[in-house]
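Q: Okay, here's what each chain looks like letter by letter:
Number of protein chains: 2
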Amino acid sequence: MKQKLLFTLMVTFLISCGGKQDDEQKTQLTPVEEQTLYDRAKQLFGALPDKMPGSENDTEALIELGKKLYFETKLSVNNTQSCNTCHDITNGMAGVDNKPLSPGAIEGKIGTRNSPTVFNAGFQFAQFWDGRSPDLVEQAKGPILNPLEMAMPDEKTVEKTIAAIDEYKEMFNKAFPNVKKPITFHNIAVAIAAFERTLVSKSRFDDYVNGNRDALTVQEKKGMKSFIDNNCIMCHTGPLLGGSLYQKMGLINPYENTEDLGRYEVTKLESDKYMFKVAMLRNVALTHPYFHDGKVEKLEDAVKKMAWLNLGKELPDNEVADIVAFLNSLTDKNLENRKQAKK
Amino acid sequence: MKQKLLFTLMVTFLISCGGKQDDEQKTQLTPVEEQTLYDRAKQLFGALPDKMPGSENDTEALIELGKKLYFETKLSVNNTQSCNTCHDITNGMAGVDNKPLSPGAIEGKIGTRNSPTVFNAGFQFAQFWDGRSPDLVEQAKGPILNPLEMAMPDEKTVEKTIAAIDEYKEMFNKAFPNVKKPITFHNIAVAIAAFERTLVSKSRFDDYVNGNRDALTVQEKKGMKSFIDNNCIMCHTGPLLGGSLYQKMGLINPYENTEDLGRYEVTKLESDKYMFKVAMLRNVALTHPYFHDGKVEKLEDAVKKMAWLNLGKELPDNEVADIVAFLNSLTDKNLENRKQAKK
Numbered sequence: 006m007k008q009k010l011l012f013t014l015m016v017t018f019l020i021s022c023g024g025k026q027d028d029e030q031k032t033q034l035t036p037v038e039e040q041t042l043y044d045r046a047k048q049l050f051g052a053l054p055d056k057m058p059g060s061e062n063d064t065e066a067l068i069e070l071g072k073k074l075y076f077e078t079k080l081s082v083n084n085t086q087s088c089n090t091c092h093d094i095t096n097g098m099a100g101v102d103n104k105p106l107s108p109g110a111i112e113g114k115i116g117t118r119n120s121p122t123v124f125n126a127g128f129q130f131a132q133f134w135d136g137r138s139p140d141l142v143e144q145a146k147g148p149i150l151n152p153l154e155m156a157m158p159d160e161k162t163v164e165k166t167i168a169a170i171d172e173y174k175e176m177f178n179k180a181f182p183n184v185k186k187p188i189t190f191h192n193i194a195v196a197i198a199a200f201e202r203t204l205v206s207k208s209r210f211d212d213y214v215n216g217n218r219d220a221l222t223v224q225e226k227k228g229m230k231s232f233i234d235n236n237c238i239m240c241h242t243g244p245l246l247g248g249s250l251y252q253k254m255g256l257i258n259p260y261e262n263t264e265d266l267g268r269y270e271v272t273k274l275e276s277d278k279y280m281f282k283v284a285m286l287r288n289v290a291l292t293h294p295y296f297h298d299g300k301v302e303k304l305e306d307a308v309k310k311m312a313w314l315n316l317g318k319e320l321p322d323n324e325v326a327d328i329v330a331f332l333n334s335l336t337d338k339n340l341e342n343r344k345q346a347k348k
Numbered sequence: 006m007k008q009k010l011l012f013t014l015m016v017t018f019l020i021s022c023g024g025k026q027d028d029e030q031k032t033q034l035t036p037v038e039e040q041t042l043y044d045r046a047k048q049l050f051g052a053l054p055d056k057m058p059g060s061e062n063d064t065e066a067l068i069e070l071g072k073k074l075y076f077e078t079k080l081s082v083n084n085t086q087s088c089n090t091c092h093d094i095t096n097g098m099a100g101v102d103n104k105p106l107s108p109g110a111i112e113g114k115i116g117t118r119n120s121p122t123v124f125n126a127g128f129q130f131a132q133f134w135d136g137r138s139p140d141l142v143e144q145a146k147g148p149i150l151n152p153l154e155m156a157m158p159d160e161k162t163v164e165k166t167i168a169a170i171d172e173y174k175e176m177f178n179k180a181f182p183n184v185k186k187p188i189t190f191h192n193i194a195v196a197i198a199a200f201e202r203t204l205v206s207k208s209r210f211d212d213y214v215n216g217n218r219d220a221l222t223v224q225e226k227k228g229m230k231s232f233i234d235n236n237c238i239m240c241h242t243g244p245l246l247g248g249s250l251y252q253k254m255g256l257i258n259p260y261e262n263t264e265d266l267g268r269y270e271v272t273k274l275e276s277d278k279y280m281f282k283v284a285m286l287r288n289v290a291l292t293h294p295y296f297h298d299g300k301v302e303k304l305e306d307a308v309k310k311m312a313w314l315n316l317g318k319e320l321p322d323n324e325v326a327d328i329v330a331f332l333n334s335l336t337d338k339n340l341e342n343r344k345q346a347k348k
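The listed protein sequences derive, respectively, from chains V and A. Just add 5 to wherever you are in the first sequence, counting from 1, and you've got this note's numbering. Just add 5 to wherever you are in the second sequence, counting from 1, and you've got this note's numbering.
These are calculated hints, taken from the structure and not from any lab test. There may be inaccurate statements among the hints.
Restricting the straight-line Cα-Cα distance to at most 25 Å, the calculated cross-link-like pairs of lysine-lysine (BS3-like) are [what the hints assert, rightly or not]:
(1) V:K273 <-> A:K318
(2) A:K56 <-> V:K47
(3) A:K318 <-> V:K47
(4) V:K207 <-> A:K47
(5) V:K79 <-> V:K146
(6) A:K310 <-> V:K278
(7) A:K273 <-> V:K318
(8) V:K318 <-> A:K318
(9) A:K318 <-> V:K278
(10) A:K338 <-> A:K318
(11) V:K318 <-> A:K47
(12) A:K300 <-> V:K230
(13) A:K230 <-> V:K273
(14) V:K230 <-> A:K278
Part of the chain V face toward chain A, derived, beta carbon under 10 Å [to be verified]:
(15) D44
(16) Q48
(17) L49
(18) P58
(19) S60
(20) N62
(21) A66
(22) I68
(23) F128
(24) N236
(25) M239
(26) G247
(27) S249
(28) Q252
(29) V271
(30) Y279
Note that the Cβ used here is the ideal one computed from N, Cα and C, for glycine as well.
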């Protein structure tokens, strides 16, 4: 026991004396490394577009209606929940509720997967962790009727509830001109989706990719280099750094939570077991806890774990720290001054 | 034995009677499937740019010089080989020699890895199978001095050889104005790279991504869908469908040829064992044989094998056929009428 203590003390001493990690973090990249990194960032990721696909047809009236509906608690069975309850975009929240799984409107009910952020969601190739909805419109319909979420009994009840509110009549008429009966379940989702298409969330990383090389710190750039060199880019590519393909959770080493079969639940294909949509990493520093089951609280642990599960790598702590620094540069500029939430 | 024969005959009979595969291939995609596929193709791949990075500074004089040097057999020790010998761009060749490994200038010598195509090479993030050169200039220097390739003894000899040819003096002066002694080993590579940057090779796939939905056949589109849905896009992404990251050859199931350690030879990192640059798939139908060791002759076998090695999937024959059809749509339009080389 004494020997173990002595050893621990020695190791601690050696680590504190070394200071190598600190020095490395301060080391500037060479001009050639800078240029190479910049070229690859442009090639692999690119900046986020200003507009979301489909937004070209969104009118102000439609967006305004969608916004009201997004915050509408009457869309839940007991008037307790709106879209914003689980995908909170107010008070500096990053479009999530920061809970592992989200409680539903009915007491005691709880969702089965972590609520993903609504920011930039419409840039993704599919919606939900298992991609079961192709777009924001179909996505918006899900939670309203899901008994574990907003728990409305059926589409007709939703339509009646909204139609009974005077204010909506005029708004729907403006948003859907020349439509005889505009208040339909589908149109509610269409409007919500239009509002969600305005939730484009840009970060310092976009400034960097657009040419401002000083938008990222040295450590953030080194983290991006680690992120690229360690092949995180295999799945986390494109301007969202994710949201463009499905991947097996535990590609190399199996994930311990084997309950959720992922996309298999949609397709019933054996090859889709444990496949999930690759999470986009935009705003990831603020959207803890992590993974489809929300089982990992800290971003550094999520990075370490993913490297082990899907790349078969045990990343050293300094690389993890660099990658986490890089991931922080993907935070919305308006949210960046918010303190990184509970660690 | 008789029983086995009977069984084989029965299976053959059932397959020929079925005709299901043929019907499937003729089935049109629904308008929604068409749109989804198109959106994903744009997002995941995108069209090839018209110009290669760095080409904005290439003058006509530099390109002309580079072209002459590209075909210059005096760059090999016994005047037998030029760049074009292994990366043949004449007579409908797709920038390769279609040999598993390439014989060198010195009889009996042979290269250690399959010669990759020069078409579109400058769009890649690094050069050589192991990425040991960052760009075309550094790449061009390699084979000239490699004893297994053009086998020139040293840089000075190369410079003297070229300087002794009158025609080059004027060409170098034009290509490198205001440079006192322009004929250097480095400048030879600079000129060759400038010529190679003109070798942008576009295909019907680019027409499709640029908006001509009819540029691909139904089977090619279905093949693209299989290519995406089976996660080939995990590595084969971007406008080259590859050439943007390293990946382990045998990510899920080990590759049987364990001799070549790939990028490990460059970095000596354990994690780089069997890592190779992901091959771009532009012109892949014409660049057989396949893989870094050129061990696979047919494209369908390469598709099957990669699916097994890196995705852990046994693809059914009809999906392989569709994917191969899609890969054929990546062939340079000028080369497309060339008969697909020996099967």
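Q: Hint by hint, note whether the structure agrees.
A: Going through the hints against the structure:
1. V:K273 <-> A:K318: holds (16 Å)
2. A:K56 <-> V:K47: holds (16 Å)
3. A:K318 <-> V:K47: violated (32 Å)
4. V:K207 <-> A:K47: Holds, at roughly 21 Å.
5. V:K79 <-> V:K146: holds (14 Å)
6. A:K310 <-> V:K278: Distance ~22 Å between K310 (chain A) and K278 (chain V) Cα, so the pair holds.
7. A:K273 <-> V:K318: holds (16 Å)
8. V:K318 <-> A:K318: holds (23 Å)
9. A:K318 <-> V:K278: Within the cut-off at roughly 13 Å; holds.
10. A:K338 <-> A:K318: violated (31 Å)
11. V:K318 <-> A:K47: Violated. K318 (chain V) to K47 (chain A) sits at ~32 Å, over the 25 Å cutoff.
12. A:K300 <-> V:K230: violated (33 Å)
13. A:K230 <-> V:K273: holds (18 Å)
14. V:K230 <-> A:K278: Given that 25 Å is the threshold and the Cα spacing comes to 19 Å, the pair holds.
15. D44: Result: holds, 7 Å to nearest chain A Cβ.
16. Q48: Holds: closest Cβ of chain A sits about 6 Å from Q48 (chain V), inside 10 Å.
17. L49: At about 6 Å, which falls below the 10 Å cut-off, the nearest Cβ of chain A leaves the hint on L49 (chain V) intact, so it holds.
18. P58: Constraint on P58 (chain V) satisfied, holds at 7 Å.
19. S60: violated (14 Å)
20. N62: violated (14 Å)
21. A66: violated (26 Å)
22. I68: Violated - the Cβ of I68 (chain V) stays beyond 10 Å from chain A, reaching only about 22 Å at its closest.
23. F128: holds (9 Å)
24. N236: It holds, given that the least Cβ distance between N236 (chain V) and chain A is near 6 Å, below 10 Å.
25. M239: holds (6 Å)
26. G247: violated (12 Å)
27. S249: Where the cut-off is 10 Å and the nearest Cβ of chain A is about 6 Å from S249 (chain V), the hint holds.
28. Q252: holds (7 Å)
29. V271: violated (12 Å)
30. Y279: This hint is violated: Y279 (chain V) lies away from chain A, its Cβ roughly 12 Å from the closest one there, beyond 10 Å.
Hints 3, 10, 11, 12, 19, 20, 21, 22, 26, 29, 30 from the list above are not met by this structure, while the remaining hints are.
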